[in-house]
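A.B. asks: Okay, here's what each chain looks like letter by letter:
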Amino acid sequence: MYSEKVLDHFSNPRNVGELEGANAVGQVGNSKCGDIMKIYMKIENDIIVDCSFKTFGCGAAVATSSMATEMVKGKTIEEALTLTNKAVAEALDGLPPEKLHCSVLAEEAIKSAIADYMRSQGKDPGTLGLCDGNCENCCAHNK
Amino acid sequence: MIYADNSATTRVKPEVLDKMMPYLTEQYGNPSSLYAFAYDAKRAVEDAREKVAAVIGAKAREIFFTSCGSESDNWVLKGVASKYKDKGNHIITSCIEHPAIMETCKYLEKQGCRVTYLPVDEYGVITPESVSNAICEDTILISIMAANNEIGTIQPIREIGAIAKERGVLFHTDAVQAYGHIPLDVKEMNIDFLSLSGHKIGTPKGIGALYIRTGLRIDNLIHGGGQERHRRAGTENVPYIVGLGEAARLANENMAENISRLEKMRDTLIERVLRIPYTKLTGHPTNRLPGLCSIVIEGIEGEALLLNMFNEGICASSGSACSSGSLDPSHVLLAIGLPHHIAHGSLRLSLGEDNEPGDEIKIAEAVEKVAARLRAMSPVWEGNKPIWD
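Chains as they are written, first to last, in my numbering: chain A, -10 to 132; chain B, 978 to 1366.
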């Protein structure tokens, strides 16, 4: 049911673990639903110079985390904010329909880390990255 | 590869396939035909019926072949509900039944039945007292599984059967996981109906049976021709019925030996995996299916666990939400009182006759390796424990 790419990113996740020197951290999801993603970023001059993740969740959750970190590394925060769940899913050659919420979580986790950075810079991130961790809503929003 | 998912299905036994082959090739006669060419098919079906019956101490004429365990479950629940609707509409079952029972009960509720879903204790046991207390004037059926498919707990079927007999209520048991694996005797245990499935004991998928005690009438589920003494229409699946007969014979013959061998392997496996910190056995510690080890591993998610296990060459299963396609972990794990975040980390390892000595050690080592790997990348695992501890 998973593409080769999903299985590859699950079996050999990129950028996994805590990031030394991270200056931004974002976390979304909750353990009740069985998915938590934590994203670490090292941002210099608004550029994401490094990025890593820790994920509690299914194969798709790990794979989307891995892919999302790959996709935002080296990007400006402005560019990273344009990352969509669809783009993450497409980069993985698609996800089964019931797993699309994992890609939504990945998008939200990236935004949550950037919001954390903005706050540290004295900027108001507004509603950015305010995933409420309610997976029911998340899936509904995705549909 | 090590196959440790025998509760999901089993490999077709070579002896079973051998017995089936003639009926998949030259012996293609319809058992209902009158010419001599079809006699052998007819005889083969009746011979299989005797073997299937012998496993549970039933008479051959009490066995009716179906397409699968789910059909048997559907038939008995719907057949009793409609046959006895003038007597009552109350059914007693448990909250840890297989979906074939659960969903059929929900359907019957829409049709006007009242269903009591009995709770279980932390080991997944339904107490005979709770069954007794739930019986009302209008109770027409008690349906309690013989052994649970996810956590392996064996239910006090004998005690429940005695209560059902004493109170004059019909008693069905879904024995799909138990049939041929543990001793069952429909007479001694006062079982009126029993569902069984072939592919859990080495037949291909697509054959089952329902035992109906002599003298009991229930409405038909499949209407049509006069097969199975006018109670289950449809031309007999002769090769599969023959296969079920042979699988039943083998299971019966080797049961004691299989139980003692599998229990030893299972207990070693359990002992080894429980050495992993923050890991807990689910189901009853001793009164459980011989080959079934079911655990929860805190801080990791079940589907990720399975994919990693398969990377290590081991087939297993899980009751996590992601493996069930919903946001909730399995109803069984929630029913035994596990919180969601822990139930998500469930793993079921079910050993069978094909497992070789030493497999249990290899499996335990793989679980240990995979748990460490996933915990290292888990945001809910910090230091050497889960963040909720």
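Hints in this document: simulated from the structure, not taken from any laboratory. Computed from a predicted model, the values in this text were never measured in an experiment. A virtual CB, placed ideally from N, CA and C, is assigned to each residue, including glycine. Don't take each hint at face value.
Below, computed lysine to any residue pairings styled on SDA-like, alpha-carbon distance capped at 20 Å [claimed, not checked]:
{"no.": "1", "chain 1": "A", "residue 1": "Lys21", "chain 2": "B", "residue 2": "Lys990"}
{"no.": "2", "chain 1": "A", "residue 1": "Lys21", "chain 2": "B", "residue 2": "Lys1257"}
{"no.": "3", "chain 1": "A", "residue 1": "Lys112", "chain 2": "A", "residue 2": "Ile36"}
{"no.": "4", "chain 1": "B", "residue 1": "Lys1257", "chain 2": "B", "residue 2": "Arg1350"}
{"no.": "5", "chain 1": "A", "residue 1": "Lys(-6)", "chain 2": "B", "residue 2": "Lys1257"}
{"no.": "6", "chain 1": "A", "residue 1": "Lys64", "chain 2": "A", "residue 2": "Asp39"}
{"no.": "7", "chain 1": "A", "residue 1": "Lys21", "chain 2": "B", "residue 2": "Asp1305"}
{"no.": "8", "chain 1": "A", "residue 1": "Lys31", "chain 2": "A", "residue 2": "Ser109"}
{"no.": "9", "chain 1": "B", "residue 1": "Lys1036", "chain 2": "B", "residue 2": "Gly1201"}
{"no.": "10", "chain 1": "A", "residue 1": "Lys21", "chain 2": "B", "residue 2": "Lys1346"}
{"no.": "11", "chain 1": "A", "residue 1": "Lys21", "chain 2": "B", "residue 2": "Ile1364"}
{"no.": "12", "chain 1": "A", "residue 1": "Lys(-6)", "chain 2": "B", "residue 2": "Glu1289"}
{"no.": "13", "chain 1": "B", "residue 1": "Lys1346", "chain 2": "A", "residue 2": "Ser109"}
{"no.": "14", "chain 1": "A", "residue 1": "Lys31", "chain 2": "A", "residue 2": "Glu68"}
{"no.": "15", "chain 1": "A", "residue 1": "Lys21", "chain 2": "B", "residue 2": "Pro1316"}
{"no.": "16", "chain 1": "B", "residue 1": "Lys990", "chain 2": "B", "residue 2": "Val1022"}
{"no.": "17", "chain 1": "B", "residue 1": "Lys1346", "chain 2": "A", "residue 2": "Gly6"}
{"no.": "18", "chain 1": "B", "residue 1": "Lys990", "chain 2": "B", "residue 2": "Ser1044"}
{"no.": "19", "chain 1": "B", "residue 1": "Lys1362", "chain 2": "B", "residue 2": "Ala1349"}
{"no.": "20", "chain 1": "B", "residue 1": "Lys1362", "chain 2": "A", "residue 2": "Glu7"}
{"no.": "21", "chain 1": "B", "residue 1": "Lys1346", "chain 2": "A", "residue 2": "Val5"}
{"no.": "22", "chain 1": "B", "residue 1": "Lys1036", "chain 2": "B", "residue 2": "Pro1133"}
{"no.": "23", "chain 1": "A", "residue 1": "Lys21", "chain 2": "B", "residue 2": "Asn1288"}
{"no.": "24", "chain 1": "B", "residue 1": "Lys1362", "chain 2": "A", "residue 2": "Asn19"}
{"no.": "25", "chain 1": "A", "residue 1": "Lys21", "chain 2": "B", "residue 2": "Gly1314"}
{"no.": "26", "chain 1": "A", "residue 1": "Lys21", "chain 2": "B", "residue 2": "Asp1366"}
Restraint-style ranges between C-beta atoms, simulated for each label pair [stated by the list, open to error]:
{"no.": "27", "chain 1": "A", "residue 1": "Thr73", "chain 2": "B", "residue 2": "Asn1007", "range": "33 to 43 Å"}
{"no.": "28", "chain 1": "B", "residue 1": "Asp995", "chain 2": "A", "residue 2": "Ser(-8)", "range": "34 to 44 Å"}
{"no.": "29", "chain 1": "A", "residue 1": "Ser109", "chain 2": "B", "residue 2": "Pro1262", "range": "48 to 58 Å"}
{"no.": "30", "chain 1": "B", "residue 1": "Glu1080", "chain 2": "A", "residue 2": "Ser(-8)", "range": "49 to 59 Å"}
{"no.": "31", "chain 1": "B", "residue 1": "Asp1098", "chain 2": "A", "residue 2": "Gln110", "range": "50 to 60 Å"}
{"no.": "32", "chain 1": "A", "residue 1": "Glu79", "chain 2": "B", "residue 2": "Asp1063", "range": "26 to 36 Å"}
{"no.": "33", "chain 1": "A", "residue 1": "Ile36", "chain 2": "B", "residue 2": "Asp1305", "range": "35 to 45 Å"}
{"no.": "34", "chain 1": "A", "residue 1": "Ser(-8)", "chain 2": "B", "residue 2": "Asp1098", "range": "52 to 62 Å"}
{"no.": "35", "chain 1": "B", "residue 1": "Asn1361", "chain 2": "A", "residue 2": "Ile36", "range": "43 to 53 Å"}
Over the 10 Å line for every Cβ pair with chain A, so calculated as not near, a few chain B residues [unchecked claim]:
{"no.": "36", "residue": "Gly1203"}
{"no.": "37", "residue": "Glu1278"}
{"no.": "38", "residue": "Gly1279"}
{"no.": "39", "residue": "Asn1285"}
A.B. asks: Compare the structure with each hint and give your call.
C.D. replies: Each hint tested on the structure:
Straight-line distance between C-alpha atoms of Lys21(A) and Lys990(B) comes to about 41 Å, which puts the hinted pair past the 20 Å bound. A distance of roughly 18 Å separates the Cα atoms of Lys21(A) and Lys1257(B); the hinted pair therefore holds under the 20 Å criterion. Between Lys112(A) and Ile36(A) the alpha-carbon distance is near 16 Å, which keeps this suggested pair within the 20 Å criterion. Annotation: proposed proximity of Lys1257(B) to Arg1350(B) holds, straight-line Cα distance about 18 Å (limit 20 Å).
Distance hint between Lys(-6)(A) and Lys1257(B) is unfulfilled; the C-alpha atoms sit about 33 Å from each other, more than 20 Å. Simply put, Lys64(A) and Asp39(A) have alpha-carbon atoms about 10 Å apart, close enough for the 20 Å limit, and the pair holds. Between Lys21(A) and Asp1305(B) the alpha-carbon distance is near 8 Å, which keeps this suggested pair within the 20 Å criterion. Between Lys31(A) and Ser109(A) the CA atoms are separated by roughly 12 Å; this keeps the pair inside 20 Å, and the hint holds.
As the CA atoms of Lys1036(B) and Gly1201(B) are separated by approximately 25 Å, the hinted pair breaks the 20 Å bound. With a C-alpha separation of about 25 Å, the suggested pair Lys21(A) and Lys1346(B) falls outside the 20 Å cut-off, and the hint is violated. In summary, the hint linking Lys21(A) to Ile1364(B) is supported, as the alpha carbons are separated by about 13 Å, within the 20 Å threshold. Simply put, Lys(-6)(A) and Glu1289(B) have alpha-carbon atoms about 18 Å apart, close enough for the 20 Å limit, and the pair holds.
At most 20 Å may separate the alpha-carbon atoms for a hinted pair to count; Lys1346(B) and Ser109(A) exceed this at roughly 38 Å. Using a Cα cut-off of 20 Å, the hinted pair Lys31(A) and Glu68(A) holds, with the two alpha carbons roughly 15 Å apart. Under the criterion of a C-alpha separation no larger than 20 Å, the hint pairing Lys21(A) with Pro1316(B) is consistent with the structure, at around 8 Å. Distance restraint check for Lys990(B) and Val1022(B): the Cα-Cα separation of roughly 19 Å lies within the 20 Å cut-off, and the hinted pair is therefore satisfied.
The suggested pairing of Lys1346(B) with Gly6(A) holds, with an alpha-carbon distance near 17 Å, which does not exceed 20 Å. Note on Lys990(B) and Ser1044(B): the hinted pairing holds, with a Cα-Cα distance of about 19 Å set against a maximum of 20 Å. Between Lys1362(B) and Ala1349(B) the alpha-carbon distance is near 11 Å, which keeps this suggested pair within the 20 Å criterion. Annotation: proposed proximity of Lys1362(B) to Glu7(A) holds, straight-line Cα distance about 16 Å (limit 20 Å).
Taking the CA atoms of Lys1346(B) and Val5(A), the gap is near 17 Å; set against the 20 Å cutoff, the hint holds. Taken as a hint, the Lys1036(B) and Pro1133(B) pair is broken in the structure, with Cα atoms around 23 Å apart against an allowance of 20 Å. With a C-alpha separation of about 26 Å, the suggested pair Lys21(A) and Asn1288(B) falls outside the 20 Å cut-off, and the hint is violated. For the given pair, Lys1362(B) sits about 17 Å from Asn19(A) by alpha-carbon distance, which is consistent with the 20 Å threshold.
Annotation: proposed proximity of Lys21(A) to Gly1314(B) holds, straight-line Cα distance about 14 Å (limit 20 Å). Between Lys21(A) and Asp1366(B) the CA atoms are separated by roughly 15 Å; this keeps the pair inside 20 Å, and the hint holds. Our hint of 33 to 43 Å for Thr73(A) and Asn1007(B) is violated, since their Cβ atoms are close to 60 Å apart. Here the CB-CB span from Asp995(B) to Ser(-8)(A) is close to 40 Å, well matched to the stated 34 to 44 Å.
The beta-carbon spacing between Ser109(A) and Pro1262(B), approximately 51 Å, falls within the hinted interval of 48 to 58 Å. Between Glu1080(B) and Ser(-8)(A), the C-beta spacing of about 31 Å breaks the proposed range 49 to 59 Å. Hint check: Asp1098(B) to Gln110(A), Cβ distance near 55 Å, so the stated range 50 to 60 Å holds. Between Glu79(A) and Asp1063(B) the Cβ separation comes to about 60 Å, which falls outside the hinted range of 26 to 36 Å.
Under the hint 35 to 45 Å, the C-beta atoms of Ile36(A) and Asp1305(B), about 41 Å apart, fit the expected range. Distance hint check for Ser(-8)(A) and Asp1098(B): the Cβ-Cβ separation is about 43 Å, which falls outside the suggested range of 52 to 62 Å. Our hint of 43 to 53 Å for Asn1361(B) and Ile36(A) is violated, since their Cβ atoms are close to 36 Å apart. The beta carbon of Gly1203(B) sits about 43 Å from the closest Cβ of chain A, which is more than 10 Å, so the claim that it is off the interface holds.
Not every CB of chain A lies more than 10 Å from the CB of Glu1278(B), the least distance being 5 Å, so the non-interface label is violated. With 10 Å as the threshold on Cβ separation, the claim that Gly1279(B) sits away from chain A is violated: the shortest Cβ distance comes to roughly 8 Å. Against the 10 Å criterion, Asn1285(B) falls within the reach of chain A, whose nearest CB is about 8 Å from its own CB.
In terms of the numbered hints stated before, the structure departs from hints 1, 5, 9, 10, 13, 22, 23, 27, 30, 32, 34, 35, 37, 38 and 39, listed from lowest to highest.
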